[in-house]
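The task is simple: from the sequences and hints, build the whole structure.
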Amino acid sequence: MLVQQCGFELMNMQGIYLDHASSMPVEPRVLEYAKIYLTKNFSNPSSLYSSGLEANRALEESRAKIAQFINAENEKTIVFTGSATESNNLAIRGTALRNIGKGKEVFASAIEHISVLNPMKELHKNGFEFNIIPVDSNGIVDLKKLQTLLTNKTNVTSIMYANNEIGTIEPIKEISKIVHEKGGYLHVDATAAAGRVPIDVQKEQIDLLTLSSNDLYGPKGAGVLYIKPGTKIQSVMPGGGQERGLRSGTENVFAIAGMGEAAKIAQKGMKKESARLTKIRDKLIKEITKINESYLTGHPSRRLPHHASFRFSHIEGESILLNMDMYNIQVATGSACSHKTLEPSHVLLAIGLKHEEAHGSMVMTLGRSNNMEQVPIVVKAVKDTVDRLRKLSPLIKKG
Amino acid sequence: MIKIVEIGYSKKVMEHFMNPRNVGVIKNPDGYGKVGNPVCGDLMEIFIKVKDDIIKDIKFKTFGCGSAIATSSMVTELAKGKHVDEAIKITRNDVAEELDGLPPQKMHCSNLAADALQEAIKDYKNKKKK
Chain A
1 MLVQQCGFEL MNMQGIYLDH ASSMPVEPRV LEYAKIYLTK NFSNPSSLYS
51 SGLEANRALE ESRAKIAQFI NAENEKTIVF TGSATESNNL AIRGTALRNI
101 GKGKEVFASA IEHISVLNPM KELHKNGFEF NIIPVDSNGI VDLKKLQTLL
151 TNKTNVTSIM YANNEIGTIE PIKEISKIVH EKGGYLHVDA TAAAGRVPID
201 VQKEQIDLLT LSSNDLYGPK GAGVLYIKPG TKIQSVMPGG GQERGLRSGT
251 ENVFAIAGMG EAAKIAQKGM KKESARLTKI RDKLIKEITK INESYLTGHP
301 SRRLPHHASF RFSHIEGESI LLNMDMYNIQ VATGSACSHK TLEPSHVLLA
351 IGLKHEEAHG SMVMTLGRSN NMEQVPIVVK AVKDTVDRLR KLSPLIKKG
Chain B
1 MIKIVEIGYS KKVMEHFMNP RNVGVIKNPD GYGKVGNPVC GDLMEIFIKV
51 KDDIIKDIKF KTFGCGSAIA TSSMVTELAK GKHVDEAIKI TRNDVAEELD
101 GLPPQKMHCS NLAADALQEA IKDYKNKKKK
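As given, the protein sequences belong to chains A and B, one line each in that order. If you count the first sequence from 1, position 179 lands on 179 in our numbering, and the numbers rise without skipping. If you count the second sequence from 1, position 88 lands on 88 in our numbering, and the numbers rise without skipping.
Worth flagging that the hints you see were computed from the coordinates, not collected in a lab. Check before you lean on any hint, since a few could be wrong.
Cut-off 25 angstroms, straight-line C-alpha distance, at most; resulting in silico cross-link-like pairs (PhoX-like, lysine-lysine) [stated by the list, open to error]: (1) B:122 <-> B:11; (2) A:354 <-> B:49; (3) A:121 <-> A:145; (4) B:49 <-> A:391; (5) B:125 <-> B:56; (6) B:59 <-> A:391; (7) A:102 <-> A:153; (8) A:271 <-> A:283; (9) B:80 <-> B:56; (10) B:27 <-> B:122; (11) B:82 <-> B:122; (12) A:397 <-> B:27; (13) A:220 <-> A:268; (14) A:354 <-> A:290; (15) B:49 <-> B:128; (16) A:397 <-> B:130; (17) A:397 <-> B:34; (18) A:391 <-> B:11; (19) B:12 <-> A:391; (20) B:56 <-> B:122; (21) A:65 <-> A:268; (22) A:173 <-> A:232; (23) B:127 <-> A:397; (24) B:59 <-> A:397; (25) A:391 <-> B:56; (26) B:122 <-> A:397; (27) B:80 <-> A:391; (28) A:203 <-> A:65; (29) A:286 <-> A:380; (30) A:232 <-> A:104; (31) B:34 <-> A:391; (32) A:76 <-> A:283; (33) B:12 <-> A:397; (34) B:27 <-> A:391.
Per label pair, the in silico range of CB-to-CB distance [claimed, not checked]: (35) B:89 <-> A:287: 44 to 50 angstroms; (36) A:371 <-> B:104: 36 to 42 angstroms; (37) B:130 <-> A:287: 49 to 55 angstroms; (38) B:24 <-> A:221: 49 to 55 angstroms.
Where a beta carbon is used, it is the ideal one built from N, C-alpha and C, also for glycine.
Here it is as structure tokens:
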């Protein structure tokens, strides 16, 4: 509608969705598998009659699939929650409070998701000492700083597997070595990374790991916290005692069953799909960075296969997003204007961008619906968008 | 990732964003106003050409979000052809109303557009005194 109103050439009727980091469609095979738990079998998995037991079996099957997905020691390590945010809260508050005897120092990298940073800040208000680990200009955690800042009073440290805004993959194995030398717990938010790169919690020595269902093409409303056997943790949601007492509340059987199936499908196709997306990503990066004063944000090689993020000088990200939407292409931005607090993305500031640079960001995250044929359409739309907005910008002094 | 969740721009905002009126600069303007700061994410410049205290021509350049661009465009439309004493009274609410409303957190952007116009008119008046 708007496209025609505004006289824009409609290049793709169906649209090109490039914001998979924000929301993903449910994989049809997942929906087919799990929909029975919304309709025919709606029983509470705690009920003892046969349909309840069957619902419970669906939970346990999903647990086994997730355990396999991240090579967990056993399925008991998997705790289902309602979202990645909830998993992060349980991981951080649950371990910090339970291990208060060890110390009151908690750490997170400067580029963690707000659902990690805000629980940490909350702990700080309640007497914990919260410190931030800086990252370099590519978004890689400063390992030397990590080594010097952590002490034997360090309780829990949270570092994400890969960042959702700049795509940078962190050296988790090295990080876990440093964290464990000081005897603390390492929590890893793998929301952005899972399903794109293989994760092995045993090999990488991860104590707590967050996963999100929707980021695996599963339904929204389910998340996972992996808890390594022997990790001391307490509930932050007391109630009926579901999920080994760690997360009370009737389980969302549909979303949980779907998440397990989504993880299974993702694991099976990951190698091929990630290789396919990497090619599209690299082509996008190559073409878009040809635009004058456009820059890749995040690490050039240690980055998620589906992730291409940029910044453009002299223009603002919300305008980019709105303008791209006129071409029926959906992207994200870390600009202040898209943020309720009107502050630019903390991630972009953490990698050393100035405020005015962070305002001009655009993030593209690819998925199964994307293909190489879309690249020239997207590139043309980006070029036209940047061109148009720069013509409006007083920061360019000509004409 | 930080997302736009409460934007809900009106059709009129989007129409002005996509087809902004009076974009550009005026060489040797009778009045010039500049407000905002790229650090904050909004910067606006307004140029006016005035004859017998009537705004004959007006142009703008804006760095900023969708509503910053739309409000700039709207303020130039509202001011064009008006007597400067009338145009200086245009408020952020006038601009927002003409655009069929703005999300609450965007009101500062329309504030800027009206401010830039006022600055331009003040500049014109100062020059006239000299």
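Hints, verified against the model:
1. B:122 <-> B:11: With Cα atoms ~32 angstroms apart, residue 122 (chain B) and residue 11 (chain B) exceed 25 angstroms; violated.
2. A:354 <-> B:49: violated, 35 angstroms
3. A:121 <-> A:145: holds, 20 angstroms
4. B:49 <-> A:391: holds, 21 angstroms
5. B:125 <-> B:56: holds, 15 angstroms
6. B:59 <-> A:391: holds, 13 angstroms
7. A:102 <-> A:153: Holds, at about 6 angstroms.
8. A:271 <-> A:283: The given pair, whose Cα atoms are some 19 angstroms apart, holds under the 25 angstroms limit.
9. B:80 <-> B:56: Measuring from Cα to Cα gives roughly 6 angstroms; hence the hint holds.
10. B:27 <-> B:122: Distance of about 18 angstroms is within 25 angstroms: holds.
11. B:82 <-> B:122: holds, 15 angstroms
12. A:397 <-> B:27: Distance of about 13 angstroms is within 25 angstroms: holds.
13. A:220 <-> A:268: holds, 21 angstroms
14. A:354 <-> A:290: Since the Cα atoms of residue 354 (chain A) and residue 290 (chain A) sit roughly 22 angstroms apart, the hinted pair holds (cutoff 25 angstroms).
15. B:49 <-> B:128: Measuring from Cα to Cα gives roughly 13 angstroms; hence the hint holds.
16. A:397 <-> B:130: violated, 28 angstroms
17. A:397 <-> B:34: Judged against 25 angstroms, a Cα distance of about 14 angstroms means the pair holds.
18. A:391 <-> B:11: holds, 23 angstroms
19. B:12 <-> A:391: holds, 21 angstroms
20. B:56 <-> B:122: holds, 16 angstroms
21. A:65 <-> A:268: holds, 11 angstroms
22. A:173 <-> A:232: Satisfied, since the Cα-Cα distance of roughly 21 angstroms is no more than 25 angstroms.
23. B:127 <-> A:397: holds, 24 angstroms
24. B:59 <-> A:397: holds, 15 angstroms
25. A:391 <-> B:56: Satisfied, since the Cα-Cα distance of roughly 23 angstroms is no more than 25 angstroms.
26. B:122 <-> A:397: It holds: about 24 angstroms lies between the C-alpha atoms, which stays within 25 angstroms.
27. B:80 <-> A:391: holds, 21 angstroms
28. A:203 <-> A:65: holds, 18 angstroms
29. A:286 <-> A:380: holds, 13 angstroms
30. A:232 <-> A:104: At roughly 15 angstroms apart (the allowed maximum being 25 angstroms), residue 104 (chain A) and residue 232 (chain A) satisfy the hint.
31. B:34 <-> A:391: It holds: about 17 angstroms lies between the C-alpha atoms, which stays within 25 angstroms.
32. A:76 <-> A:283: violated, 42 angstroms
33. B:12 <-> A:397: violated, 29 angstroms
34. B:27 <-> A:391: Cα-Cα ~16 angstroms, so holds.
35. B:89 <-> A:287: 44 to 50 angstroms: Holds: the Cβ-Cβ distance is about 49 angstroms, inside 44 to 50 angstroms.
36. A:371 <-> B:104: 36 to 42 angstroms: Given about 40 angstroms between the Cβ atoms, the range holds.
37. B:130 <-> A:287: 49 to 55 angstroms: About 53 angstroms separates the Cβ atoms of residue 130 (chain B) and residue 287 (chain A), which means 49 to 55 angstroms holds.
38. B:24 <-> A:221: 49 to 55 angstroms: Since residue 24 (chain B) and residue 221 (chain A) have Cβ atoms about 50 angstroms apart, the given range 49 to 55 angstroms holds.
Hint compliance for this structure: hints 1, 2, 16, 32, 33 are broken, all remaining hints hold.
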